[in-house]
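Protein chains: 6
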Amino acid sequence: MIIDVHGHVSAPAELYSYKSNLLSSRGAHGRGGAGISDDQLRAALRAPNRSFGGVSHLDHLDEAGIDLQLISPRPFQMMHSESPAFLVEWFTAETNDTIARICSLEPDRFRGVCGLPQSMELEPAAWTQELRRCVQDLGFVGALLNTDPYEGLRQPPGLGDRFWYPVWEALCELDVPAMIHSAGCRPPARESYSLHFIQEETLAVAALLQSSVLTDFPELKIVVSHGGGAIPYQRGRFSAGAIRSGGRFEDQLRKLHFDTCLYTRDAIELLLGAVGVDRCVFGSEKPGTGSVRDPETGRWIDDIHLLVRDIESLDAGEQKAIFEANARALYRL
Amino acid sequence: MIIDVHGHVSAPAELYSYKSNLLSSRGAHGRGGAGISDDQLRAALRAPNRSFGGVSHLDHLDEAGIDLQLISPRPFQMMHSESPAFLVEWFTAETNDTIARICSLEPDRFRGVCGLPQSMELEPAAWTQELRRCVQDLGFVGALLNTDPYEGLRQPPGLGDRFWYPVWEALCELDVPAMIHSAGCRPPARESYSLHFIQEETLAVAALLQSSVLTDFPELKIVVSHGGGAIPYQRGRFSAGAIRSGGRFEDQLRKLHFDTCLYTRDAIELLLGAVGVDRCVFGSEKPGTGSVRDPETGRWIDDIHLLVRDIESLDAGEQKAIFEANARALYRL
Amino acid sequence: MIIDVHGHVSAPAELYSYKSNLLSSRGAHGRGGAGISDDQLRAALRAPNRSFGGVSHLDHLDEAGIDLQLISPRPFQMMHSESPAFLVEWFTAETNDTIARICSLEPDRFRGVCGLPQSMELEPAAWTQELRRCVQDLGFVGALLNTDPYEGLRQPPGLGDRFWYPVWEALCELDVPAMIHSAGCRPPARESYSLHFIQEETLAVAALLQSSVLTDFPELKIVVSHGGGAIPYQRGRFSAGAIRSGGRFEDQLRKLHFDTCLYTRDAIELLLGAVGVDRCVFGSEKPGTGSVRDPETGRWIDDIHLLVRDIESLDAGEQKAIFEANARALYRL
Amino acid sequence: MIIDVHGHVSAPAELYSYKSNLLSSRGAHGRGGAGISDDQLRAALRAPNRSFGGVSHLDHLDEAGIDLQLISPRPFQMMHSESPAFLVEWFTAETNDTIARICSLEPDRFRGVCGLPQSMELEPAAWTQELRRCVQDLGFVGALLNTDPYEGLRQPPGLGDRFWYPVWEALCELDVPAMIHSAGCRPPARESYSLHFIQEETLAVAALLQSSVLTDFPELKIVVSHGGGAIPYQRGRFSAGAIRSGGRFEDQLRKLHFDTCLYTRDAIELLLGAVGVDRCVFGSEKPGTGSVRDPETGRWIDDIHLLVRDIESLDAGEQKAIFEANARALYRL
Amino acid sequence: MIIDVHGHVSAPAELYSYKSNLLSSRGAHGRGGAGISDDQLRAALRAPNRSFGGVSHLDHLDEAGIDLQLISPRPFQMMHSESPAFLVEWFTAETNDTIARICSLEPDRFRGVCGLPQSMELEPAAWTQELRRCVQDLGFVGALLNTDPYEGLRQPPGLGDRFWYPVWEALCELDVPAMIHSAGCRPPARESYSLHFIQEETLAVAALLQSSVLTDFPELKIVVSHGGGAIPYQRGRFSAGAIRSGGRFEDQLRKLHFDTCLYTRDAIELLLGAVGVDRCVFGSEKPGTGSVRDPETGRWIDDIHLLVRDIESLDAGEQKAIFEANARALYRL
Amino acid sequence: MIIDVHGHVSAPAELYSYKSNLLSSRGAHGRGGAGISDDQLRAALRAPNRSFGGVSHLDHLDEAGIDLQLISPRPFQMMHSESPAFLVEWFTAETNDTIARICSLEPDRFRGVCGLPQSMELEPAAWTQELRRCVQDLGFVGALLNTDPYEGLRQPPGLGDRFWYPVWEALCELDVPAMIHSAGCRPPARESYSLHFIQEETLAVAALLQSSVLTDFPELKIVVSHGGGAIPYQRGRFSAGAIRSGGRFEDQLRKLHFDTCLYTRDAIELLLGAVGVDRCVFGSEKPGTGSVRDPETGRWIDDIHLLVRDIESLDAGEQKAIFEANARALYRL
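Protein chains in written order, with the UniProt record's numbering: chain A, 1 to 333; chain B, 1 to 333; chain C, 1 to 333; chain D, 1 to 333; chain E, 1 to 333; chain F, 1 to 333.
No lab work stands behind these hints, which were simulated from the structure alone.
Be aware that a few hints might be false.
Claimed, not checked - To give a feel for the contact side, a few chain E residues facing chain F, derived at Cβ under 10 Å:
#	residue
1	Tyr-16
2	Arg-42
3	Arg-46
4	Gln-129
5	Ser-192
6	Thr-297
Yeah, the Cβ is synthetic: ideal placement off N, Cα and C, and Gly gets one too.
Chain A with its partners taken away, still in its complex shape (with noise of 0.2 Å):
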């Protein structure tokens, strides 16, 4: 079985319309809704899709083998930097609330990692009423955390930063965890938002290794998408410090968790070699950028359930683990 924690959700166009409505009008419209059917939900998932390569999510899900997908928001739609922050507000919830829907369409298949409502014209504290509702109320399992709501505008607050504590007390009493990603990255940060993902973990796994909130939070659950940005390759590089300081940079790393979601094998055997297995969960972020054909392989670039496979130093326990038994654990599955 395969349980792959790092899904986005495919939802209709006319969710997006809704989003482009609400930027348009800046909420004079009022709160509305996408007004999405039940019908238009199930097309959005079975219809071929150009951009997936022209296939449909469920196909891409049955053709991998996976059986159950953690779907959160598609993160570079999230506008947490857009103003007044209702906008963000209204949007985050018409989100989740899609995403709540599908997984109650296709329970066995899916489920719901919440976005969060991260204006920096709100508190924290407020972010966390969305997390509440999402957990509480609908289900969900976890939540995405983008670590810079300013997309790029601006430098938000390290994570290390005591700006943050009121959501990690909100993860560590609702027990879920939460998957650092971030959202859009505008001009003039001079990244595109998929290279701003890359570029915020490295930060993330930096500032919560060089603060004291895992220290503070012992309990909390942190997940770093696409393998931990750049730190499990550049990991020697802390290690000078970490001895001069008297520990080990290798054992403060295994306090967090990583998905697989890296395109070649070799990153993801230095991934489990640097961090562990046990630290490891199955993240494909299918489909989405890697839902295209090697014309060399025929694969597609987002077959990473292959990639783990063709790992042979691995055996069977290590892959269930991989694959299935650490997410169950982790998310309580």
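Given the structure of chain A, go ahead and fit chains B, C, D, E and F onto it with the hints provided.
Showing chains B, C, D, E and F alone in chain A's frame:
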């Protein structure tokens, strides 16, 4: 026959989902396109629409007896203040192309009025490239002009400033009218986009009449939306200054054109009296903001043709001028 | 009998020389004073004035038959945006004191309406100290309220914001009306101070009617200058939204009062029709901007009393209501 | 005979009321004018003035035996930091015209020193148009130069910067001296305008002597007001640097002129010793800040002529140089 | 005997290399330390120094006969405007510790005057922690006070502002004097740090005398460096205002102390005459800016003791007061 | 033989004391110089250094068997973001001169790689003057290129922007490689300078490969420090986009060179596999951040040569290519 100079395109959700994608990716996916089929275009014109009181765009026109409508982008969607500028260029072109396709599908019903990619990161001379493309290649008969491309974020140059001269030059050269119509309005401005239309029209008329624009460009054709904002109602206020300068404000006002897009009869009467029947063209903005039924009269609020017909003092020739002849002359239809 | 609720003080040059000195010294000379004698005050009322068409303030009133005028500071001189705040406080107090002295000199002719020291460096609660002093100590009967104390330099909180609540509270407690009347308007705003009046009145009406202010303060008395900006003319535009929300915009409008300070008969008629005779008070702003003779009619542009009398549909009771009774009730004269 | 190079115009209140009107209207009323009559001009010179210790301007001059005074605008009124620039241009011209009229009315008593419209929104080359007009058309003999046109709001280019070269060029071409004299001083700067004068003079001397201005313009004539700010007193501080560079600071200082507008004898003596009698011209700034009687001595504080006469070490020729001859040569009187 | 209240520490290069490292790492290496040995400290006092005219610190003191010198941080190195604030705290503490060690090595020669970590990111109350540590734990006898912690980047609160009250309170409580002495000066300010000293002293005296600080803290002991900036020379300018307010500026000035750090005899004489011998303490800033020989006299420019001795009007008791007694009383030595 | 392309200069404290003096005086003392003797230079190479684990620079090289090292400025000291620009120019030149002197003292051991005065107040064309001086006059073999001259204060132009073209032109003309290596990192950025290196390298590779730089400058030689930031590890992420565009990301990556400055064997192996042995050059950054002994292995963390030798899959030719031959070809040694 009724020609309505003030209509906006009713496009499928995919156009605005495309816009949402551009804003979220900030262009990282490339220009791409909305991928709208002809069937989707037709459906968007013919499907009952909750925002329009449960009636379709074409049904609205049929019911009102509007034979020909000039359609332009939905102004509040134009996103002129977004960055980088190529997002504005891409979405403006996609919208104008969509309008052109609708005009091809319904050649007897619609003519195009284009939006311009009015990013302040571009020079006005760059905006006019799209104007030329729409008029010369796509057969459009006019353009919207947003007097506030910053959409409320900061103050743009006033309309009398030489900043705008490249636009006036291109309009004169192509011999098409510009309709003054602002777009969105963002905080910290205090008004909704809809009220911003009115405020900008007021500023536009004052700026044009107090500058040398209309002297420098005697052939320039300007249509002020929504009956000229506050100016006809407040025109007496400007009389004193004009008299002190040896002129008459009423004469100056008649250098501009105005549409009838006011929703009460007394206002339309005041407009006609203030600027003259020959300076007015019928505009309904139908379907749109006013597409709701008045529970007292049973009329649609935007049944502006009925309000005009209700004005007893207008003779048949004047009615025809307002409904058809003035628009034919102005837009060379 | 005619009561004119909209007059501004005609003060000697020394008041403005004093202001100039404050601005130049930024208060380094201390508060000092304008040093105006009673003779200078009388002369300023009685001397022919080039700005007023060569006629004195009192002659204007006599000619128009205005028996009692409420006089307030010349709004464009109020300099709310200047810094430090004590300059605004000193000049406001000096101006209000000047008005009080004129009312003492001409007790049958004038009543005072005070300006407030609306520096944004102060709290609104601080502004109301001057309001209390004027009403309680000096016998003033109302106040001007500038909705844009930044005078065009940046955006203030909208009138529906809780920022303004201390002002509403004080007005209700003292039971005096506030007249909405902005002050100066500085670059980068694009409009003259005179047009800024109109724009701010438009914003003010929209903000009050779309917020809970008038519900939270049912006793609050607001007079909107210059016939309400653009709103009565554009009121149909707001009908659709009100209907969608289950209300009637016309009913909401009637929670406010409006003065007749419009300079054409059709506009006054439209106003009376839109909001009702009982919501209107006579205001002429005489002498002022409109104090120039129309070469065609020979009338002063600001002979608003003649325009009102020209409206044949008004019966004697309605004329009296507009000219006297409504103001008596509103201002408790 | 006494020539006083440092006097400021005593103008009627109407000039500053005009300024106040310009600032309040931001020019919306057009340039207009102060509308001052010759009688008002004469009265302003002859009327006892509370600000001047209850004595008139001319009485002050008579009492002190000042035969000829160079009068310039009241510096603190010059409002160089106001916007838009045309306000500065209008008020500067009106002030200079007023000075010219006074010089015409009292041709034996006064010569004009002009103010410049030093808005930073204009180029310095534009400022010199008014300089040329005053010198060539109105017969002025010099100009004030404000080294801080931002009036404390932000930092201008230092006086050694090439920004100022067009001013030096015009002064040399016209062969008239510039008197260094700043204008107002606004928050956030921490000093009053009066202390700002001193600070700016200190900066000016340092900047001129540490740059190549006086080498590039060997004919340039600069008079530093108020005895050169802090420099003569602190000049030893600059000696070490000059010696390290192989020069002598005292020699450099003598490239400039200084007025005697210091209010204690020891300071004047220090000045004369530091820069030499031949570099000093008599300046009293009378009537002005110092026009109050010292209760101990009974003298006016600004009786600087008495302080100079008290210096026993000066012989008759030196006294004459300070009181008359140096000024005649410098200003070509 | 000569006590010099105005000396600055001569520290090894390692102290400033440490500072450079802090600025480059922004603290990423932790606080660390400069790692200076006692031998390096001694060498820095005894080694001939190119910046000091090729002579060592101690040789300078010996040659001038300075028996005891109060040493403080080199002001221009204090970097109060750097960020984050802990860099300022670390470097200030390291510098004060270095001074304390030198005082221990040469207990008969030096006493410490501390710098404060005047980052504007901290509260003034936080600055005084270091003051207490230095006075109470390290035996320092006074402190430098920088009136412009922004170092020219922007305007700080004026010295009369309540912002500074926690500093006054701590100084009074500890009964030690503060010497007014600014630090660096960065663009956009127009002056060098050395001229900035003078400007800030001028501002400081004016601010203190025009505020209620010296009334609120009658025990406060303030020493103004460099003879008080411009004030003694320009003091007549302030007389008029004081007389108008019923006071005498000379009396106010005598509430402060001044050092003699002026480099010409006439300036020192003026200072003594203006404020009185009893308000002056000997200060040489030796070795430092003035440590260069005058080719004409052969004296060091900073041989201020010779200038004082040259003043014939001072009797032996006055000389002793300036050179020793006043400092003993003020600093409780 | 081992050639190490990534070494930084070990300079005496005087160089950084000089820098500290420049920053404190903002250049008021003139350019001056660090005044370092040859003995001090030699001592800095040979003295045991606490920061380097108690061992000297040369001992480190000897122990590792590094025969030739390319040394450049310590990047975190380069202070590109300081102002005014001439400070950056002066310190850069002083540092490069110091490197040149060390290369002269130890001609068999060191070659110079220069820093550039990358102040954003200068044009990039101005930076290349120093590049030319170093290569043409001083014999340097390459340059560091800082991709973020603002050092975290704000966003610079991306590396694909035409802003950088003058640098590419000069590098090609001189035929020397640029090593991508950022400098300091200041708040508000969230990362230490060390992590900033990694983030900037990630951005640099993405920007170069997604722009036309490498097409426009086919001869350009770029070495990316620290194994290319995150890119080799995350390279699969970029495959999908490249395939969609018809290319292969792996081929694009091979247009660049990378050093081996990673501190774990698995990371170096991944790098070699991802970009090819022929694109890699040995770099140790020794002595530096990694100069601490691992308590488990007893090795220095920066014993990168041992990690390379541990890779069994590399044959002797490949080892030689990495350790020597590739660097010889790239740097023409």
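Each hint, compared with the structure:
About 4 Å separates the beta-carbon of Tyr-16 (chain E) from the nearest beta-carbon of chain F, less than 10 Å, and the hint is met. With a cut of 10 Å, the hint placing Arg-42 (chain E) at the interface with chain F is violated, because the nearest CB-to-CB distance is about 17 Å. Interface hint status for Arg-46 (chain E): violated, as the beta-carbon distance to the closest one in chain F is roughly 18 Å, over 10 Å. With its C-beta approaching chain F no nearer than about 23 Å, Gln-129 (chain E) sits outside the 10 Å limit, and its interface hint is violated.
Interface hint status for Ser-192 (chain E): upheld, as the beta-carbon distance to the closest one in chain F is roughly 4 Å, under 10 Å. Restraint check, Thr-297 (chain E) versus chain F: the minimum CB separation of about 24 Å is more than 10 Å; hint violated.
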